[in-house]
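**Q** Below are the chains, spelled out letter by letter.
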Amino acid sequence: MQVLNFEEIYHEYWKRIFRLCMGYVNDHDAAKDLCQETFVAVFQQLPKFRQEASIGTWIYRIATNICLRQMNIDKRMPKSELPVEIKDNSEKDKKLEQDKMTDFLYQCISELPELERIIISLELEEMKQAEIAEVVGISPANVRVKIHRIKEKLTKKFKNYANR
Amino acid sequence: MQTDNINFRDIWNNKNADIPNIQQIKTTAEKYRKKQLSGTVLMMLCFLATAFGMIFIWNVINFKMFTTSLGIILILIALALFIYLSYQNVNVIRTINPSISNQEYLSSLKKLQRQQLYMQTKGISIYYILLCAGFAFYFYEFALFMSTTFAFLAYGSTFLWLAIAWFFLRPRQIRKQNQKISKIIYSLETIEKDLGE
Numbered sequence: 001m002q003v004l005n006f007e008e009i010y011h012e013y014w015k016r017i018f019r020l021c022m023g024y025v026n027d028h029d030a031a032k033d034l035c036q037e038t039f040v041a042v043f044q045q046l047p048k049f050r051q052e053a054s055i056g057t058w059i060y061r062i063a064t065n066i067c068l069r070q071m072n073i074d075k076r077m078p079k080s081e082l083p084v085e086i087k088d089n090s091e092k093d094k095k096l097e098q099d100k101m102t103d104f105l106y107q108c109i110s111e112l113p114e115l116e117r118i119i120i121s122l123e124l125e126e127m128k129q130a131e132i133a134e135v136v137g138i139s140p141a142n143v144r145v146k147i148h149r150i151k152e153k154l155t156k157k158f159k160n161y162a163n164r
Numbered sequence: 165m166q167t168d169n170i171n172f173r174d175i176w177n178n179k180n181a182d183i184p185n186i187q188q189i190k191t192t193a194e195k196y197r198k199k200q201l202s203g204t205v206l207m208m209l210c211f212l213a214t215a216f217g218m219i220f221i222w223n224v225i226n227f228k229m230f231t232t233s234l235g236i237i238l239i240l241i242a243l244a245l246f247i248y249l250s251y252q253n254v255n256v257i258r259t260i261n262p263s264i265s266n267q268e269y270l271s272s273l274k275k276l277q278r279q280q281l282y283m284q285t286k287g288i289s290i291y292y293i294l295l296c297a298g299f300a301f302y303f304y305e306f307a308l309f310m311s312t313t314f315a316f317l318a319y320g321s322t323f324l325w326l327a328i329a330w331f332f333l334r335p336r337q338i339r340k341q342n343q344k345i346s347k348i349i350y351s352l353e354t355i356e357k358d359l360g361e
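If you read the sequences in order, they're chains H and X. Going by this note's numbering, 129 is the number at position 129 of the first sequence; the sequence numbering is gapless. Quick note, this note's numbering runs 164 ahead of the 1-based positions in the second sequence.
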């Protein structure tokens, strides 16, 4: 059995879990708090982890469940503002444009229904569909269908965004 | 902007943030552990105090009538129940193991909320009944030595207050709990619906 070191796990997964939480709430501070909650739980549960699932699946399960239970605090968290000026922007900086797209993507994802937010975030984290199915608790076929639908929705939103 | 074949993954990975110090996680974990422990200790102390109170009343204070002791004991039990209900209200969600699948987690959350709803609404009623019966028994011995008018007044005012609590305060408390928990259950059900589609 592989020996699991909390520090290694923390550094390997923190950014991924942060992106997942960002996709869920689209609020930098709230995402950081969720991330902290997740790693506190990971830290506490690690000695009990039996490695029946892969460590990734296990951590993502904890993170997504912690996101889900947030609704006990607030069903819809305040979303950060949509970037306003897009086309008539004199700023030619490519980096800035890319950041805006990123902000827009996170905004779109955070507006999806709760489970769709989780599914698409895991997909974007390059998790296998079978593993996503394990995290969420639905069939892999269902995951595939959902991912397809969510990507369609996002593409549509991006097209509208570009045509503004 | 190119929209024919958007590479969501690249856009997604562009989000960056600094990793906070790991020590923060360990400190928070320790804080949670201590908080949970002190909560449990506090509750145990309350129960012990109740138990000692009962033993004390039974053995040391020598009321002539059994009903007086019984009254005090019922009031103490009511208070212990009240403490338990308030404690139960805090942080029960942390008791569910978070490493199960979302579907299982949602149904555990729902089950827990339903249990809590039952405990909070039924528990409040039981609390008032115990308190009411406790006062009735407790006053009995004293009422025997009072004049009829005085006894009537003492009983009357006590029960008037309890009636107000039963008919006004209790429904309000129950309604508040009910609203809060039902809202959560409803949100859980909405999320669960998405699982099936």
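Calculated from the structure, these hints are not laboratory results. These numbers come from a predicted model, not from an experiment. Heads up, a few of these hints could be off.
List of simulated lysine-lysine pairs, DSSO-like, C-alpha gap at most 30 Å [unchecked claim]:
no.: 1; chain 1: X; residue 1: K347; chain 2: H; residue 2: K48
no.: 2; chain 1: H; residue 1: K157; chain 2: X; residue 2: K199
no.: 3; chain 1: X; residue 1: K179; chain 2: H; residue 2: K32
no.: 4; chain 1: X; residue 1: K199; chain 2: H; residue 2: K15
no.: 5; chain 1: X; residue 1: K199; chain 2: H; residue 2: K128
no.: 6; chain 1: H; residue 1: K156; chain 2: X; residue 2: K357
no.: 7; chain 1: X; residue 1: K228; chain 2: H; residue 2: K32
no.: 8; chain 1: X; residue 1: K357; chain 2: H; residue 2: K153
Label pairs and their calculated CB-CB ranges [to be verified]:
no.: 9; chain 1: X; residue 1: S202; chain 2: H; residue 2: L96; range: 48 to 56 Å
no.: 10; chain 1: H; residue 1: N163; chain 2: X; residue 2: K347; range: 19 to 27 Å
no.: 11; chain 1: X; residue 1: N177; chain 2: H; residue 2: P140; range: 18 to 26 Å
no.: 12; chain 1: X; residue 1: S202; chain 2: H; residue 2: N163; range: 33 to 41 Å
no.: 13; chain 1: X; residue 1: L359; chain 2: H; residue 2: R164; range: 47 to 55 Å
no.: 14; chain 1: X; residue 1: N342; chain 2: H; residue 2: S139; range: 29 to 37 Å
no.: 15; chain 1: H; residue 1: R50; chain 2: X; residue 2: L209; range: 34 to 42 Å
no.: 16; chain 1: X; residue 1: R173; chain 2: H; residue 2: L96; range: 33 to 41 Å
Chain X stretches covered by chain H per the calculated footprint, using a threshold of three residues with CB under 8 Å from any CB of chain H [what the hints assert, rightly or not]:
no.: 17; region: 221-230
no.: 18; region: 267-275
Yeah, the Cβ is synthetic: ideal placement off N, Cα and C, and Gly gets one too.
**Q** Please go over all the hints and tell whether each is borne out by the structure.
**A** Verification of the supplied hints:
1. X:K347 with H:K48: Roughly 33 Å separates the two Cα atoms, so the pair is violated.
2. H:K157 with X:K199: violated (45 Å)
3. X:K179 with H:K32: holds (13 Å)
4. X:K199 with H:K15: Answer holds: K199 of chain X to K15 of chain H is near 28 Å, not above 30 Å.
5. X:K199 with H:K128: Cα-Cα ~38 Å, so violated.
6. H:K156 with X:K357: holds (24 Å)
7. X:K228 with H:K32: Not satisfied, since the Cα-Cα distance of roughly 64 Å exceeds 30 Å.
8. X:K357 with H:K153: Roughly 19 Å separates the two Cα atoms, so the pair holds.
9. X:S202 with H:L96: 48 to 56 Å: holds (49 Å)
10. H:N163 with X:K347: 19 to 27 Å: violated (39 Å)
11. X:N177 with H:P140: 18 to 26 Å: holds (24 Å)
12. X:S202 with H:N163: 33 to 41 Å: violated (58 Å)
13. X:L359 with H:R164: 47 to 55 Å: With a Cβ separation near 34 Å, L359 of chain X and R164 of chain H fall outside 47 to 55 Å, so the hint is violated.
14. X:N342 with H:S139: 29 to 37 Å: holds (36 Å)
15. H:R50 with X:L209: 34 to 42 Å: With Cβ atoms ~36 Å apart, the hint holds.
16. X:R173 with H:L96: 33 to 41 Å: 20 Å Cβ-Cβ, so the 33 to 41 Å window is violated.
17. 221-230: With 0 residues in contact (Cβ-Cβ under 8 Å with chain H), the coverage given for the region 221-230 of chain X is violated.
18. 267-275: It holds: at least three residues are needed, and the region 267-275 of chain X offers 5 whose Cβ sits within less than 8 Å of chain H.
In this structure, the hints that do not hold are numbers 1, 2, 5, 7, 10, 12, 13, 16, 17, in rising order.
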